[in-house]
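For chain A, the structure is supplied; the task is to place chain B on it using the hints.
These are the residues of each chain, in order.
There are 2 protein chains.
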Amino acid sequence: MSQEGYNVTPWEARGKIDYDKLIQEFGVERLSEPLLARINTLAGGLHPLLRRGFFFAHRDLSLVLDDYEAGRGFFLYTGRAPSKAPMHIAHIVPFIATRWLQHSFGVNTYIEIPDEEKFLAKKVDSLEEVEPYIRQDILNIAALGFDENKTFIFRDSEYIGKMYRPAVLVARHINLSTARAVFGFDNETSIGLIFYPALQIVPTLFENRRPLIPCGIDQDPYFRLQRDIAPRLNRYKTAELLSKLAWGLTGPESKMSASEPETAIMLNDPPEVVKKKIMNAFTGGRATVEEQRKLGGVPEVCTVFHWYSLLFEEDDKKLEERYWACKTGKLLCGECKAELVKRINHFLALHNEKVKDVEKKVSKYMYDGKLAQEMWNWEFKP
Amino acid sequence: MSQEGYNVTPWEARGKIDYDKLIQEFGVERLSEPLLARINTLAGGLHPLLRRGFFFAHRDLSLVLDDYEAGRGFFLYTGRAPSKAPMHIAHIVPFIATRWLQHSFGVNTYIEIPDEEKFLAKKVDSLEEVEPYIRQDILNIAALGFDENKTFIFRDSEYIGKMYRPAVLVARHINLSTARAVFGFDNETSIGLIFYPALQIVPTLFENRRPLIPCGIDQDPYFRLQRDIAPRLNRYKTAELLSKLAWGLTGPESKMSASEPETAIMLNDPPEVVKKKIMNAFTGGRATVEEQRKLGGVPEVCTVFHWYSLLFEEDDKKLEERYWACKTGKLLCGECKAELVKRINHFLALHNEKVKDVEKKVSKYMYDGKLAQEMWNWEFKP
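Taken in sequence, the protein lines are chains A and B.
Just so we're aligned, residue 117 is where the first sequence starts under the working numbering, counting upward by one.
Just so we're aligned, residue 117 is where the second sequence starts under the working numbering, counting upward by one.
These are calculated hints, taken from the structure and not from any lab test.
Please read these numbers as outputs of a predicted model, since none were measured by experiment.
Any given hint might turn out to be false.
Claimed, not checked - Computed list of lysine-lysine pairs in DSS-like fashion (alpha-carbon distance at most 30 angstroms, straight line):
{"#": "1", "chain 1": "B", "residue 1": "458", "chain 2": "A", "residue 2": "353"}
{"#": "2", "chain 1": "B", "residue 1": "278", "chain 2": "A", "residue 2": "239"}
{"#": "3", "chain 1": "B", "residue 1": "234", "chain 2": "A", "residue 2": "497"}
{"#": "4", "chain 1": "B", "residue 1": "278", "chain 2": "A", "residue 2": "278"}
{"#": "5", "chain 1": "A", "residue 1": "278", "chain 2": "B", "residue 2": "371"}
{"#": "6", "chain 1": "B", "residue 1": "278", "chain 2": "A", "residue 2": "477"}
{"#": "7", "chain 1": "B", "residue 1": "200", "chain 2": "A", "residue 2": "278"}
{"#": "8", "chain 1": "B", "residue 1": "200", "chain 2": "A", "residue 2": "234"}
{"#": "9", "chain 1": "A", "residue 1": "353", "chain 2": "B", "residue 2": "470"}
{"#": "10", "chain 1": "A", "residue 1": "353", "chain 2": "B", "residue 2": "238"}
{"#": "11", "chain 1": "B", "residue 1": "443", "chain 2": "A", "residue 2": "278"}
{"#": "12", "chain 1": "A", "residue 1": "497", "chain 2": "B", "residue 2": "458"}
{"#": "13", "chain 1": "B", "residue 1": "239", "chain 2": "A", "residue 2": "486"}
{"#": "14", "chain 1": "A", "residue 1": "278", "chain 2": "B", "residue 2": "239"}
{"#": "15", "chain 1": "A", "residue 1": "278", "chain 2": "B", "residue 2": "234"}
{"#": "16", "chain 1": "A", "residue 1": "497", "chain 2": "B", "residue 2": "353"}
Said to hold, decoys possible - Which stretches of chain A does chain B cover? Using the computed rule of at least three CB atoms under 8 angstroms from a CB of chain B, they are:
{"#": "17", "region": "153-163"}
{"#": "18", "region": "279-285"}
{"#": "19", "region": "288-295"}
Stated by the list, open to error - Taking beta-carbon pairs under 7 angstroms as the criterion, some of the chain B residues facing chain A (in silico):
{"#": "20", "residue": "273"}
{"#": "21", "residue": "277"}
{"#": "22", "residue": "292"}
{"#": "23", "residue": "300"}
{"#": "24", "residue": "335"}
Backbone N, C-alpha and C define an ideal beta-carbon position, used for all residues, glycine too.
Bound-form chain A, shown alone (with noise of 0.2 angstroms):
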């Protein structure tokens, strides 16, 4: 297993995807060294996923710091849709991000609940068979901590009376032609979901602030329809803060996926099944034991490091001791594959804690918190 075409900083450990080419292809800006110190003195720090590159290129983004300054504000949005499997640690990296920028800027955040997109993509077969999912990804995102007075929650089948008339005035602006070009939609897409990027966009208009989009740089051409159309509606084109893809446990091409179990952690798997999926994870380890003493592991290549550097290591030091402790051979995948385990199932048994207390204030993050109130009192003006 070669190094070669491996980033060896231990922060921005990385598979074959090159990030470089996407940020060309893409036309977004790197997340540089001076926003980056722009951001630590605004935030008053920088979160891991930040300083450690996760979160890599953007739109905007010295716009948005600059609303900031100069008293304007901006406002955050994000979502998730729901589907017939709970979430897994991946689903919730955006999520804690934003979390994180919410807590750091003290701005109102959105989070759609399109309840209608995996029906409507023909990825689940009724919509019943996603109902249960739904108040539990909402349990979910609301249990990591997000201001009950500055964040609406909202489910697209329920919030639909708000949204469809600014949806109707996005639609107007997006042709049959650019929506197949941006989304793929083919002969078999079914009308709903050739609809649903409209709805996608309604959130970004919520506020006459500019708004900002914590995401995996996939999503960036959804977005890019947005800043094409807000202008004509005197909205604010989306800024965004861009992640590269996080890992599977199969490998760093491999994404976490429900249907595929040994690729992900899901926030409902007991103790056990997280040590068994770690244990079976892909790592940069050596055939022998005696090989990974003589030439050390491939941390770069470690989807168990690769979790490490994103969730379960907090501290910078700590985790460069893990990288090179890997590197010379001192630590063996075992060890670091049980510590892992000890902390994803530290981290799923907090977070469930954190799910059943955060029921009983869930609705105000959906309907009477002081920005839900807001939100249902809302109407579109351009």
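For chain B alone, kept in the frame of chain A given last:
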């Protein structure tokens, strides 16, 4: 001007559209004498629009009558997409038939006002442009005398909260290729218009009874799609009562169109405008009075005679007398037109008084009549 190719019974005057061929092409059934006789018996009469063959074809109408006789009942559904012009007399023809059916059978009637459609179809430039006409359209429709406790008139943009979920269920069953084939969508079509047919189908699911839609035969393809989908949602296929196309004033092949004022009598045309338009209307008259006295007119192609037969002569015997008076050269166009002007202006004066009266109770149809209240609490359960 030849008489060939025109039907000679006065109550079936028609232009060049071959409706027999359309019956075959669309695969619908002719509105036969025995079926008309059955309606006559059950309804205690036949509306001129039915007995004169303007409504000439159907789908499943005998099943509707079976349902009625068996006590299962049925319901009526129609609609009107507001534009940036007032309604004209051709627009109200299907509503007049619908109202007659409601009164004759005592059934619930749903009237959709798709206040977003013309905007999504790029026929108007803003939603604001349409707004003043929406209320006027609703008043014009309500003024025709629908039962205020059995009629629900709803605007898409207001009622979308109830419609979206069933629309999603419908949309899942309509893929892009079908929508393109049925509605002729192309690359320039907005994604909002592509979704719209799902919203047009939703009212056919409002009751677990058979829906009957009185409409022009050109609307049949829309509801044929409904007939494919309804069984999958455990609902009835729509029945249809299909009419010919009402003529514009410029000839049997013209349509009334607000954008060509000479073709249409608008519901708010002042008497002198009505007079001017009718005086300029295309008739079956001859070049000179002498010729007309000698050869007689051709009522079969006469737009003036057409409108007598549709709305302005209820008495079949008098209509037939008019037919023969024309045919034999006894009645000249000037006199015939002057009489129609009088009748139209009388109708419009009465109608616009009813519009004023209905203003006080329009909220019954939309919000607080018996059916309206039920519908604001409705939820679709397949």
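Verification of the hints:
1. B:458 with A:353: Judged against 30 angstroms, a Cα distance of about 59 angstroms means the pair is violated.
2. B:278 with A:239: holds (24 angstroms)
3. B:234 with A:497: holds (20 angstroms)
4. B:278 with A:278: holds (12 angstroms)
5. A:278 with B:371: violated (37 angstroms)
6. B:278 with A:477: Roughly 26 angstroms between the alpha carbons, so the hint for residue 278 of chain B and residue 477 of chain A holds.
7. B:200 with A:278: holds (24 angstroms)
8. B:200 with A:234: violated (37 angstroms)
9. A:353 with B:470: violated (49 angstroms)
10. A:353 with B:238: holds (24 angstroms)
11. B:443 with A:278: violated (60 angstroms)
12. A:497 with B:458: Roughly 46 angstroms separates the two Cα atoms, so the pair is violated.
13. B:239 with A:486: The given pair, whose Cα atoms are some 40 angstroms apart, is violated under the 30 angstroms limit.
14. A:278 with B:239: holds (24 angstroms)
15. A:278 with B:234: Given that 30 angstroms is the threshold and the Cα spacing comes to 20 angstroms, the pair holds.
16. A:497 with B:353: Violated - the C-alpha atoms of residue 353 of chain B and residue 497 of chain A are around 40 angstroms apart, more than 30 angstroms.
17. 153-163: violated (count 0)
18. 279-285: holds (count 5)
19. 288-295: n = 7 at 8 angstroms, threshold three: holds.
20. 273: holds (5 angstroms)
21. 277: At 4 angstroms from the nearest chain A Cβ, residue 277 of chain B passes the 7 angstroms test, so the hint holds.
22. 292: holds (5 angstroms)
23. 300: violated (12 angstroms)
24. 335: Hint on residue 335 of chain B: violated, closest Cβ of chain A at ~18 angstroms, above 7 angstroms.
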